[in-house]
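Letter 423 of the first sequence, counting from 1, is numbered 749 in the working numbering, and no numbers are missing.
A couple of the hints might just be wrong.
Within a straight-line C-alpha distance of at most 27 Å, the following computed BS3-like cross-link-like pairs (lysine-lysine) qualify [claimed, not checked]: (1) K379 / K517; (2) K543 / K641; (3) K748 / K476; (4) K403 / K414; (5) K476 / K487; (6) K497 / K623; (7) K379 / K414; (8) K748 / K582; (9) K498 / K487; (10) K498 / K698; (11) K392 / K403; (12) K703 / K582; (13) K497 / K487.
Here are the in silico distance ranges between beta carbons for each label pair [what the hints assert, rightly or not]: (14) A518 / P742: 15 to 25 Å; (15) A552 / I383: 44 to 54 Å; (16) R602 / I508: 30 to 40 Å; (17) S701 / H741: 50 to 60 Å; (18) E678 / E465: 27 to 37 Å; (19) D732 / V576: 53 to 63 Å.
These are calculated hints, taken from the structure and not from any lab test. Just so you know, even glycine gets a beta-carbon here, dropped at the ideal spot from N, CA and C.
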Amino acid sequence: MLQLTVLREQTDLVVAGLNKKNYKNAAEEVAAILDLDQQRRALQSEHDDLQAKANSISKEIGIMMKSGERDKAESYKAETTELKQKAKALSEQLSTIEEDLQKALYKLPNLPHESVPAGRTSEDNEVVLEQGEIPELYEGALPHWELIQKYDIIDFELGNKITGAGFPVYKKQGARLQRALINFFLDEAMKAGYIEVQPPIMVNEASGYGTGQLPDKDGQMYHATADNLYLIPTAEVPITNMYRDTIVPVEQLPVKNTGHTPCFRREAGSWGADVRGLNRLHQFDKVEIVQISLPEKSYEALEEMSSYIQSLLQKLELPYRVLRLCGGDLGFTAALTYDMEVYSTAQGRWLEVSSASNFETYQANRLKLRFKNDSGKTQLLHTLNGSALALPRIVAAILENNQTPDGINMPKVLHPYLGFEKIG
RNA sequence: AGAGAGUUGGCGGAGUGGUCGAACGCGGCGGUCUUGAAAACCGUUGACUGUAACAGGUCCGGGGGUUCGAAUCCCUCACUCUCUGCCA
327 MLQLTVLREQ
337 TDLVVAGLNK
347 KNYKNAAEEV
357 AAILDLDQQR
367 RALQSEHDDL
377 QAKANSISKE
387 IGIMMKSGER
397 DKAESYKAET
407 TELKQKAKAL
417 SEQLSTIEED
427 LQKALYKLPN
437 LPHESVPAGR
447 TSEDNEVVLE
457 QGEIPELYEG
467 ALPHWELIQK
477 YDIIDFELGN
487 KITGAGFPVY
497 KKQGARLQRA
507 LINFFLDEAM
517 KAGYIEVQPP
527 IMVNEASGYG
537 TGQLPDKDGQ
547 MYHATADNLY
557 LIPTAEVPIT
567 NMYRDTIVPV
577 EQLPVKNTGH
587 TPCFRREAGS
597 WGADVRGLNR
607 LHQFDKVEIV
617 QISLPEKSYE
627 ALEEMSSYIQ
637 SLLQKLELPY
647 RVLRLCGGDL
657 GFTAALTYDM
667 EVYSTAQGRW
677 LEVSSASNFE
687 TYQANRLKLR
697 FKNDSGKTQL
707 LHTLNGSALA
717 LPRIVAAILE
727 NNQTPDGINM
737 PKVLHPYLGF
747 EKIG
């Protein structure tokens, strides 16, 4: 969440940033928060004064007791009782105000970076670059949902039977393609300096709050209510939360982690052609890269992540483009996001396969993720993450773009991982 | 799942209801000594909030209670360990 000191000291900037993100009534809400903050601090200092008085009297009572002045001590008790009662009343008021303040702060999204273009929808995203050749398909080329049936490599019906829609079963060469991609992505990430981790794929509530999925995206996660655990929507959640409540030694920065996990998304309310086949699933595999960076280096880190992700797409020989998300399309917690999209030739559309974001201090503030700066003060770090990469749409693009009348050619870089060069 | 023990600062580990944010040791940092280093010695060393700066307030797993006063007593939840059970 945003830091109160920033709201206080740079109010205009905050309001402008929220407006750019198309946040409604930004000025009013910020003013309301500052008002609550003002009330909170006034009450707090009043409360603290009472508490200080009571504390010092209690201390004196202790000394009197020791020196045998029992009667005198008794006479002071009434006074502290009264002080305590007043203080208690104040602290009750305080906790309601603090709760309101907390709720209001949780509702505010992150502020966009200055390079974020204005805009409302994905139409307004800025195309940063486009690369790779879009292949010419032969007459009768198929969309991936027909290819997977033709070659019997991914089975939606079977998934339907054992679980439900959006939970496909990968089979034969399809299953091996999954495994090859995961290994390829992890190997590449390790070469790029990321440490591999295998985190839990269920997380507790505190972790959900830490990275910002809770409270606002509650309904998008699968929730195991008996144990109050959530299935992760992305490895970002467990991997970033490993650093919750820590002061990271400066010499360990930047922290670079990678991990493969299944990801689970309820994505209620999406239908139609957009979600056919592998385009949108309830369960999918993803390799994630996560960085924790010094504030002044985080945008450098984001560029590094972006070009790393692009290098994967180049190696897979997929045509892609990079978008800089506009204010309206930017996620709740992000300050700047690059989306990478590959071209899915048979569908004739771009598919998002990665999203790399800088969250600046937004997550770090919730996570209490800090370092000691040069002057010895604790200061919030910046967190970043990106998909490198999400499998299903990559699979869709590989299948569609490389199809021939007598089989689907696999990208060369995967051959050693696959043990075959062609599906079919 | 049952029985018992435990949860204290970066780590280890004391702690009696009263001047305890917490002994002591290790580690870290600064210094003396040294050509340099080690050893030794001296000093220093938690977080949050708050203030112009002091002051003040809060924090000994989380939450609640008893008391003038709680790390210390009570309740409750979570977690860890040991034994038993079950299990890949």
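Outcome of the hint check:
At most 27 Å may separate the alpha-carbon atoms for a hinted pair to count; K379 and K517 exceed this at roughly 61 Å. Our distance criterion of 27 Å between C-alpha atoms is broken by K543 and K641, whose separation comes to about 35 Å. Distance check on the hinted pair: K748 and K476 sit about 14 Å apart at the alpha-carbon level, within 27 Å; holds. A threshold of 27 Å between alpha carbons decides the hint, and for K403 with K414 the separation of about 16 Å falls inside it, so the pair holds.
Of the pairs offered as hints, the one joining K476 and K487 holds, with about 20 Å between alpha carbons and a cut-off of 27 Å not exceeded. Note on K497 and K623: the hinted pairing is violated, with a Cα-Cα distance of about 43 Å set against a maximum of 27 Å. For the proposed pair K379 and K414, the alpha carbon gap of about 14 Å is at most 27 Å, so the pair holds. Note on K748 and K582: the hinted pairing is violated, with a Cα-Cα distance of about 35 Å set against a maximum of 27 Å.
At most 27 Å may separate the alpha-carbon atoms for a hinted pair to count; K498 and K487 meet this at roughly 19 Å. Between K498 and K698 the CA atoms are separated by roughly 52 Å; this puts the pair beyond 27 Å, and the hint is violated. A distance of roughly 15 Å separates the Cα atoms of K392 and K403; the hinted pair therefore holds under the 27 Å criterion. A threshold of 27 Å between alpha carbons decides the hint, and for K703 with K582 the separation of about 23 Å falls inside it, so the pair holds.
Between K497 and K487, the direct Cα distance comes to roughly 15 Å. Compliance with the 27 Å bound is thereby established for this hinted pair. The hint said 15 to 25 Å for the Cβ distance between A518 and P742, and at roughly 19 Å that hint holds. Under the hint 44 to 54 Å, the C-beta atoms of A552 and I383, about 49 Å apart, fit the expected range. The beta-carbon spacing between R602 and I508, approximately 24 Å, falls outside the hinted interval of 30 to 40 Å.
A hinted range of 50 to 60 Å holds for the C-beta pair S701 and H741, which are about 54 Å apart. Range check, E678 to E465: about 29 Å between beta-carbon atoms, so the 27 to 37 Å window is met. About 58 Å separates the C-beta atoms of D732 and V576, a value consistent with the hinted range of 53 to 63 Å.
In this structure, the earlier hints numbered 1, 2, 6, 8, 10, 16 are contradicted, and the remaining ones agree with it.
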